[in-house]
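Trainee: Here is what each chain is made of, one letter per residue.
Number of protein chains: 2
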Amino acid sequence: MVMHKIPMYKAKAYSAASATSSLASTTIVRRDPIEHDVQIEILFCGVCHSDLHQVRNEWREVMPTVYPSIPGHEIVGRVTKVGSGVTKFKPGNLAAVGCMVDSDRTCPECQAGLEQFCRNTTLTYNSPDKHLGGVTYGGYSESIVVDERFVLRIPSNLNLAGAAPLLCAGITTYSPMRHWGVTTGKKVGVVGLGGLGHMGVKFAHALGAHVVVFTTSPNKKEDALRLGADEVVVSRNREEMEKHAGSFDFILDAVSADHDINAYINLLRRDGNITLVGAPEKPLAVAAFGLLFGRRSLSGSPIGGIPETQEMLDFCGAHNITADVEVIPIQKVNEAFDRLLKSDVKYRFSIDMASLKST
Amino acid sequence: MVMHKIPMYKAKAYSAASATSSLASTTIVRRDPIEHDVQIEILFCGVCHSDLHQVRNEWREVMPTVYPSIPGHEIVGRVTKVGSGVTKFKPGNLAAVGCMVDSDRTCPECQAGLEQFCRNTTLTYNSPDKHLGGVTYGGYSESIVVDERFVLRIPSNLNLAGAAPLLCAGITTYSPMRHWGVTTGKKVGVVGLGGLGHMGVKFAHALGAHVVVFTTSPNKKEDALRLGADEVVVSRNREEMEKHAGSFDFILDAVSADHDINAYINLLRRDGNITLVGAPEKPLAVAAFGLLFGRRSLSGSPIGGIPETQEMLDFCGAHNITADVEVIPIQKVNEAFDRLLKSDVKYRFSIDMASLKST
Numbered sequence: 159m160v161m162h163k164i165p166m167y168k169a170k171a172y173s174a175a176s177a178t179s180s181l182a183s184t185t186i187v188r189r190d191p192i193e194h195d196v197q198i199e200i201l202f203c204g205v206c207h208s209d210l211h212q213v214r215n216e217w218r219e220v221m222p223t224v225y226p227s228i229p230g231h232e233i234v235g236r237v238t239k240v241g242s243g244v245t246k247f248k249p250g251n252l253a254a255v256g257c258m259v260d261s262d263r264t265c266p267e268c269q270a271g272l273e274q275f276c277r278n279t280t281l282t283y284n285s286p287d288k289h290l291g292g293v294t295y296g297g298y299s300e301s302i303v304v305d306e307r308f309v310l311r312i313p314s315n316l317n318l319a320g321a322a323p324l325l326c327a328g329i330t331t332y333s334p335m336r337h338w339g340v341t342t343g344k345k346v347g348v349v350g351l352g353g354l355g356h357m358g359v360k361f362a363h364a365l366g367a368h369v370v371v372f373t374t375s376p377n378k379k380e381d382a383l384r385l386g387a388d389e390v391v392v393s394r395n396r397e398e399m400e401k402h403a404g405s406f407d408f409i410l411d412a413v414s415a416d417h418d419i420n421a422y423i424n425l426l427r428r429d430g431n432i433t434l435v436g437a438p439e440k441p442l443a444v445a446a447f448g449l450l451f452g453r454r455s456l457s458g459s460p461i462g463g464i465p466e467t468q469e470m471l472d473f474c475g476a477h478n479i480t481a482d483v484e485v486i487p488i489q490k491v492n493e494a495f496d497r498l499l500k501s502d503v504k505y506r507f508s509i510d511m512a513s514l515k516s517t
Numbered sequence: 159m160v161m162h163k164i165p166m167y168k169a170k171a172y173s174a175a176s177a178t179s180s181l182a183s184t185t186i187v188r189r190d191p192i193e194h195d196v197q198i199e200i201l202f203c204g205v206c207h208s209d210l211h212q213v214r215n216e217w218r219e220v221m222p223t224v225y226p227s228i229p230g231h232e233i234v235g236r237v238t239k240v241g242s243g244v245t246k247f248k249p250g251n252l253a254a255v256g257c258m259v260d261s262d263r264t265c266p267e268c269q270a271g272l273e274q275f276c277r278n279t280t281l282t283y284n285s286p287d288k289h290l291g292g293v294t295y296g297g298y299s300e301s302i303v304v305d306e307r308f309v310l311r312i313p314s315n316l317n318l319a320g321a322a323p324l325l326c327a328g329i330t331t332y333s334p335m336r337h338w339g340v341t342t343g344k345k346v347g348v349v350g351l352g353g354l355g356h357m358g359v360k361f362a363h364a365l366g367a368h369v370v371v372f373t374t375s376p377n378k379k380e381d382a383l384r385l386g387a388d389e390v391v392v393s394r395n396r397e398e399m400e401k402h403a404g405s406f407d408f409i410l411d412a413v414s415a416d417h418d419i420n421a422y423i424n425l426l427r428r429d430g431n432i433t434l435v436g437a438p439e440k441p442l443a444v445a446a447f448g449l450l451f452g453r454r455s456l457s458g459s460p461i462g463g464i465p466e467t468q469e470m471l472d473f474c475g476a477h478n479i480t481a482d483v484e485v486i487p488i489q490k491v492n493e494a495f496d497r498l499l500k501s502d503v504k505y506r507f508s509i510d511m512a513s514l515k516s517t
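Chains as they are written, first to last, in my numbering: chain A, 159 to 517; chain B, 159 to 517.
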């Protein structure tokens, strides 16, 4: 593809040079905002497990990483410039960007506001960049330029460091709960209390459900209750598990490690659903009888569309929901990756991008 | 439990004396019809794979077989006597009985007409008999006595031999199609063209869907088209499979043998569902990504409730749908079991119970 020369500017960023490199300070180019573009100064960027998978090329079979790789898709910041055709934003506004920066906009999925299912999405990082060639660069940088259709509004009452993870961990857990009808009076389980799970607990609670957290670590009990759980079940305790057999309307399964899904399927009531938002590497062993008895279903759900992401952010504004974060300077991001692998974070790292100025 | 002496009568039947015995002629007792009972002279009884599992005690872990065992839950016949409180039937009417002859009638499932999910159903065979003690005896017999709440009406235009399998194979395939919204314009797959699958094809076609049959046997193509399929795909042909990727609204999986479910999950469009009506012995290996991309779901479905079974029979009356059957005398039932194991039947055996008179 021949790229016409388009106006660009330089921006500081943190990038990985190869699958085995640490992230390090670098300079990238961004396009100057064109007609429908919004330029955002990035204030906070959440650290998602996907960032780590991508820079280490752990998804090489489905999405091989192009280096240098600049991750980050939980972006909040302030608008610094807008193109002439932009109507929703003006300089000074708070704004956010999630996992997608473009899509084909014409397919039935896009027309339904379900851009996450478009076959031609441009992801925020490591997707072909339609404007500059190469691949897109994510939020571990000073600024980003995105078409306004993919820019979200952030309610002004939210803590910005805690708001950043809403753009991936938030929408990923909010969307399936809405899709499967979580509301007042429903009994909802959340399996795995990490970055995704802790958002699941907050949303299920705010939606009015009776929330039960399943965990392998009894020491997470107090924290689960603080986050909004009504009950905590230690999943290795068979007796405790059996007390809940056939009683759940919906279970959010946020565990990426190999685990016994049948134990949770059996906790669903008739027509209950369990949705995977984590993606274990090995196939799950699913016993047919657990699904047959009770017409239960097992499904998966990836992030959410742009309209629903805005709905989620507005819901967070109304209920004052943000992620529980540990704020770090960008200089500590490699250490944060290591700690992420040990689940040593409550519950999400959020990078204070002001730290990038001093690199 | 002490049983009070209640009026009974003798009836001819075919029973298995042990897990390794052939079925043989015997005499059983049935209760005389009480207030809400309907006594039915059995004219035809379908041969379901469950009959074979039960008499051979292959479900010993979940439903151990009590001997003598008299299977049969695809029953059609003519009413011979009714209790004083019966309002829906009178002697001479056609009538049918499926997999259930009672339930607790008071739980939320029963009140919703979803008796198949009641925790206290009395199955047509091998369930504790509330009236006579011991276990219930199924349809491989001259007559049966059932509470009218569990007796169905048979449209008079249907061939009775072919109508019998509707009571299990029919409702098992009809119910999930209705539940998951199969209707005009939907694209529906049917995996496995046996007793269940061939009914699935007929229903999907009659409901107005575009029907694709998946089979491992290219020689089933012509028959699949005759039954109502619009297309036939040989599932081992990867290229043919890939042409259908992401295009199905619903897939009925009627295969009880171990098989690659992911190949079918990947054929579903966004929000598509695949429902298991067969129950493979080994857990299915389910790849999470197939469910995540497209918010697809995998579920199971067991038979159907009494109101929906009546709806299905009325639908069959309106569309003149019956199972394709090979009619056999009861004396050939052991041979039929052996042929069933080799899938050597198109597509269901139906026992002409008149043959029992000559034993």
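Among the hints, erroneous ones may be present.
[What the hints assert, rightly or not] Quick partial rundown of chain A residues pointing at chain B, CB under 10 Å, derived from the structure: (1) LEU210; (2) ASN420; (3) ASN431; (4) VAL444.
[Stated by the list, open to error] Within a straight-line C-alpha distance of at most 20 Å, the following computed SDA-like cross-link-like pairs (lysine to any residue) qualify: (5) B:LYS440 x A:VAL444; (6) B:LYS440 x A:PHE447; (7) A:LYS344 x B:LYS440; (8) A:LYS440 x B:VAL444; (9) B:LYS379 x B:ARG396.
Bear in mind the hints are in silico, worked out from the structure with no lab data behind them. For each residue, glycine too, the CB sits at the ideal point set by N, CA and C.
Trainee: Hint by hint, say whether it matches the structure.
Mentor: Outcome of the hint check:
1. For A:LEU210, the suggested interface contact is broken, since its CB lies about 18 Å from the closest CB of chain B, more than 10 Å.
2. Interface hint status for A:ASN420: upheld, as the beta-carbon distance to the closest one in chain B is roughly 7 Å, under 10 Å.
3. Given hint, A:ASN431 at the interface with chain B, holds; its Cβ is 7 Å from that chain's nearest Cβ, closer than 10 Å.
4. Interface hint status for A:VAL444: upheld, as the beta-carbon distance to the closest one in chain B is roughly 5 Å, under 10 Å.
5. Restraint check for B:LYS440 and A:VAL444: the C-alpha separation of about 9 Å stays at or below 20 Å, so the hint holds.
6. In summary, the hint linking B:LYS440 to A:PHE447 is supported, as the alpha carbons are separated by about 10 Å, within the 20 Å threshold.
7. Distance restraint check for A:LYS344 and B:LYS440: the Cα-Cα separation of roughly 32 Å exceeds the 20 Å cut-off, and the hinted pair is therefore not satisfied.
8. Distance check on the hinted pair: A:LYS440 and B:VAL444 sit about 9 Å apart at the alpha-carbon level, within 20 Å; holds.
9. Between B:LYS379 and B:ARG396, the direct Cα distance comes to roughly 17 Å. Compliance with the 20 Å bound is thereby established for this hinted pair.
Consistency with the previously given hints fails for numbers 1 and 7, ordered from lowest to highest.
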